[in-house]
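Protein chains: 2
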Amino acid sequence: MTKQLFHILVFIVPIIALLPWSPESRRIPFLGKQSLVQKPPNNLVADNYTYEIRYYEQTLDHFSFDDLPNFSQRYLINTDHWAGPSRMGPIFLYCGNEGDIEWFAANSGFVWELAPRFGAMVIFPEHRYYGESMPYGSREEAYKNASTLARLTAEQALADYAVLITDLKRNLSAQASPVILFGGSYGGMLAAWMRLKYPHIAIGALAASAPILQFEDIVPLETFYNIVSNDFRRESTSCFDTIKKSWDVITSVGRKVNGLDQLTKTFHLCGKLKSTDDLYNWLDSAYSFLAMVDYPYQSEFLMPLPAYPIKEVCKAIDNYADGTNVLDRIFKGVSVYYNYTGTVDCFDLDDDPHGMSGWDWQACTEMVMPMSSDKNSSMFPEWDFNYTSYAEECLNEFGVTPRPTWITTEFGGHDYKSVLKTFGSNIIFSNGLLDPWSGGSVLANVSDSVVALVTEKGAHHLDLRAARDDDPDWLVAQRASEVQLIKGWLDDYYTTKKAAFNM
Amino acid sequence: MTKQLFHILVFIVPIIALLPWSPESRRIPFLGKQSLVQKPPNNLVADNYTYEIRYYEQTLDHFSFDDLPNFSQRYLINTDHWAGPSRMGPIFLYCGNEGDIEWFAANSGFVWELAPRFGAMVIFPEHRYYGESMPYGSREEAYKNASTLARLTAEQALADYAVLITDLKRNLSAQASPVILFGGSYGGMLAAWMRLKYPHIAIGALAASAPILQFEDIVPLETFYNIVSNDFRRESTSCFDTIKKSWDVITSVGRKVNGLDQLTKTFHLCGKLKSTDDLYNWLDSAYSFLAMVDYPYQSEFLMPLPAYPIKEVCKAIDNYADGTNVLDRIFKGVSVYYNYTGTVDCFDLDDDPHGMSGWDWQACTEMVMPMSSDKNSSMFPEWDFNYTSYAEECLNEFGVTPRPTWITTEFGGHDYKSVLKTFGSNIIFSNGLLDPWSGGSVLANVSDSVVALVTEKGAHHLDLRAARDDDPDWLVAQRASEVQLIKGWLDDYYTTKKAAFNM
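Chains as they are written, first to last, in this note's numbering: chain A, 1 to 503; chain B, 1 to 503.
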């Protein structure tokens with residue numbers, strides 16, 4: 001039985017938002033195949049931005065002095081439009097998240113488009129333990145065991161960025177150049193946290209779809225699945241009802257003699273279904289990922305999707321003739337997600353659930369984001385987060401015990417409004433309300449300079465993507481607000497610098 | 001030849017502010033004997049404050065997930081005057097520095113005296129690797145080698161305090177109780193840094209005599225020794241001149257046949273002087289420590305001293321009859337420091353210079369505080385800080401390479417004014433200008449709430465000591481300002497809480 005609790009935050013990597021389906025809570029870390037490869041498929045690196053690829057000799061442990069080997073941290077850099085050190089040209093730093101950095105660079109067109117307007121340098125450092133930035137020389141060595149993975153933490157990654165950018169600026173005599181941080185999803189969390197922890201290094205941060213509050217009991221544990229569910233309900237209540245009904249149907253079919261064969265056939269699976277849990281996970285993944293990428297235009301991620309894909313899924317589910325079997329409807333619906341091009345003959349549920357992945361390690365150490373689902377408010381079966389089981393599973397899988405209260409101790413979260421009001425500044429939390437991660441982010445202005453930009457119809461950090469002719473007006477307006485705020489931060493910075501210079 | 005570069009910050013531990021005396025810069029880590037013992041002598045724990053001693057099961061590495069044993073962190077706690085969780089009684093947290101915590105508790109009367117006035121709980125957590133708070137079960141094991149010492153860093157210590165206080169508050173249902181940080185010297189640096197890094201945990205910090213700017217090139221490298229020198233010059237220019245002259249005299253006597261014997265006799269040393277460097281270091285220690293503890297009343301630290309001891313030293317040097325030998329004068333002067341009670345028959349220079357000490361490890365890893373001395377502006381011989389030699393010595397001594405730019409990367413420092421103006425709040429930097437460490441601290445207000453309290457005649461965090469009847473007016477006034485500011489932070493906090501409650 002596979003019961004997956006973890007969610008990958010990246011908008012590119014397939015989202016594995018999998019519910020555990022039984023009262024026991026054995027945890028199987030799981031990431032899509034794509035997260036295990038070194039480079040994303042070429043067709044996913046859609047846009048071509050030019051940059052130089054460089055490597056930085058990085059310290060493996062910034063907070064201890066164990067005798068450890070340095071590692072080679074990859075970063076992408078473009079200085080074509082940079083105004084240079086004498087004019088204090090800004091530096092746009094994208095906080096790499098849990099994946100190959102070229103992938104993020106290709107899908108963060110907003111940063112590239114902004115650079116010439118501000119005379120900015122662009123730099124995309126890769127997150128340690130992802131892409132090519134592997135400690136101990138290779139992915140195989142880095143991911144060998146809990147001891148080699150030990151330093152895959154958010155604090156170490158932030159320190160990497162701090163050290164790298166400080167050294168780079170020193171080498172360019174660009175100490176006075178202001179740094180603006182960008183990031184989406186986990187990268188957005190890093191951007192916000194870096195602005196809070198390293199205000200002397202970065203003057204502001206655009207944290208897109210950053211669920212910094214999805215820890216402990218800060219937001220209701222049901223938020224994520226409620227938002228996924230509401231995304232379906234807003235398109236069609238009958239669609240929502242059909243999905244809600246489907247779980248029991250699957251369970252009851254699965255219990256029949258030859259029931260698993262029947263489900264294998266209904267869902268066109270390549271191999272015989274071993275347990276209904278595998279099917280639940282497969283469906284849950286589809287719904288959760290669809291909610292995240294419910295974008296207003298056709299897009300190509302790991303698989304091509306139509307504009308507003310949930311609408312299409314619901315159409316497929318609803319438009320069957322009356323009396324059609326619930327499971328046939330469901331299959332038709334998720335086919336929009338798994339087989340939009342119509343080229344797939346059968347579906348393979350075996351996504352290497354036991355492959356060690358970076359995000360699973362992070363979820364089993366610091367990034368404990370508890371989630372439940374409520375039968376009444378969501379279309380998913382009831383599930384209560386059980387930390388004891390979660391921790392047991394992490395111990396079994398990685399030989400590590402999570403620290404579930406560490407992130408809020410280190411970065412805050414409880415009572416964040418009063419803290420950020422008096423302390424933080426120059427952070428934009430941008431969110432689209434269709435995105436299930438928005439429930440764990442900051443959705444209202446905290447102060448004049450810690451602001452929330454919320455779009456009703458936006459999904460997972462759409463704003464970071466390249467501008468398109470068919471961008472809806474609200475997206476164009478959201479990006480314009482972001483530009484305006486960033487411009488304000490830079491203006492303030494230059495005014496202060498000029499005043500100091502003239503004194 | 002011993003040429004010591006490091007300075008211990010604590011006002012209690014003997015200050016080893018030792019100059020290297022030759023162009024080569026071999027570094028010998030060195031701390032006074034007292035820093036190597038587990039408990040301070042009873043006579044030094046002068047004041048008796050009551051507290052409970054508790055131990056917290058602490059994580060050894062907060063920033064990695066290596067499979068390491070927890071350690072037992074000692075902390076002192078007093079809740080006698082605490083207003084309790086329902087009234088949001090404040091928590092006064094002293095950030096333990098590099099020594100036994102009972103020692104700091106005994107010498108930080110200000111915190112104890114303040115607690116009843118604010119209905120505050122008092123907590124003194126001990127810094128890891130000091131006192132009884134030893135990883136790996138014992139001092140011997142903890143200090144065995146670079147690998148066992150690896151996690152003796154400021155960031156880990158701050159995380160200890162963050163985890164401890166968060167857990168304590170949770171267990172007392174006192175999450176709403178505001179925390180105020182206190183600290184002196186290195187502990188003051190920790191208090192300031194903790195307010196900056198953990199604003200969600202502490203609402204303000206009194207950072208007494210905290211040289212957070214004594215890194216890299218932020219302040220002139222000659223500052224420390226210039227201040228020591230000025231402290232002597234302001235008492236007597238002839239005293240200053242005599243000391244300035246004495247180095248060459250020592251050198252020339254030392255070069256003579258039987259010169260070292262002659263110096264041994266002049267300075268009443270117990271064992272035969274092996275090198276003039278040992279004598280330089282011994283004298284330099286005395287002058288630097290005298291500058292730090294140039295207090296307005298008689299005090300008893302490791303050795304009893306008169307009020308304004310530099311004045312007494314200079315009197316002793318100056319009051320000899322005309323024509324008296326320079327070295328005899330110097331001996332008479334430093335005898336005020338090393339033998340005020342007149343009970344010492346001979347002086348022992350052997351202070352176990354090779355004993356591994358915690359601060360030496362910190363100085364050889366993160367706490368690289370470069371210092372030079374300028375022949376023209378100081379009474380000390382010329383000395384230029386040489387990082388290459390410094391690093392070599394650390395490698396030889398501890399098998400570790402320092403990270404000289406790490407502290408400013410992690411905590412800032414360059415351009416601190418504009419950073420703290422827009423970001424930090426509720427920090428008091430208190431300094432006495434007689435204190436040579438004041439040159440590396442913040443001496444002017446940065447903003448309305450990041451303020452400097454400077455006393456012309458104050459020395460090393462005198463303000464943290466218990467009030468006395470013979471406290472000078474300026475000291476009474478300084479403490480009153482501190483109380484006023486702390487009261488303001490608490491008032492603001494309660495106002496905000498009340499407003500939130502009434503909403």
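Please note: incorrect hints may appear among the correct ones.
You can't tell identical chains apart in this list, so a pair holds if it fits in one copy or across any two.
With a Cα cut of at most 30 Å, we get these calculated BS3-like pairs of lysine-lysine [what the hints assert, rightly or not]: (1) LYS265 x LYS144; (2) LYS332 x LYS498; (3) LYS421 x LYS497; (4) LYS417 x LYS487; (5) LYS457 x LYS487; (6) LYS497 x LYS457; (7) LYS144 x LYS315; (8) LYS245 x LYS332; (9) LYS417 x LYS169; (10) LYS375 x LYS497; (11) LYS144 x LYS169; (12) LYS498 x LYS421.
The hints are simulated quantities; they were obtained by calculation from the structure and are not laboratory data.
Okay, the hints, checked on the actual structure:
no., hint, in the structure
1, LYS265 x LYS144, "neither (38 Å within a copy, 65 Å between copies)"
2, LYS332 x LYS498, "neither (62 Å within a copy, 55 Å between copies)"
3, LYS421 x LYS497, "both (24 Å within a copy, 13 Å between copies)"
4, LYS417 x LYS487, "both (24 Å within a copy, 22 Å between copies)"
5, LYS457 x LYS487, "within (25 Å within a copy, 47 Å between copies)"
6, LYS497 x LYS457, "neither (39 Å within a copy, 34 Å between copies)"
7, LYS144 x LYS315, "neither (46 Å within a copy, 69 Å between copies)"
8, LYS245 x LYS332, "within (15 Å within a copy, 95 Å between copies)"
9, LYS417 x LYS169, "between (33 Å within a copy, 19 Å between copies)"
10, LYS375 x LYS497, "neither (56 Å within a copy, 35 Å between copies)"
11, LYS144 x LYS169, "neither (35 Å within a copy, 38 Å between copies)"
12, LYS498 x LYS421, "both (27 Å within a copy, 15 Å between copies)"
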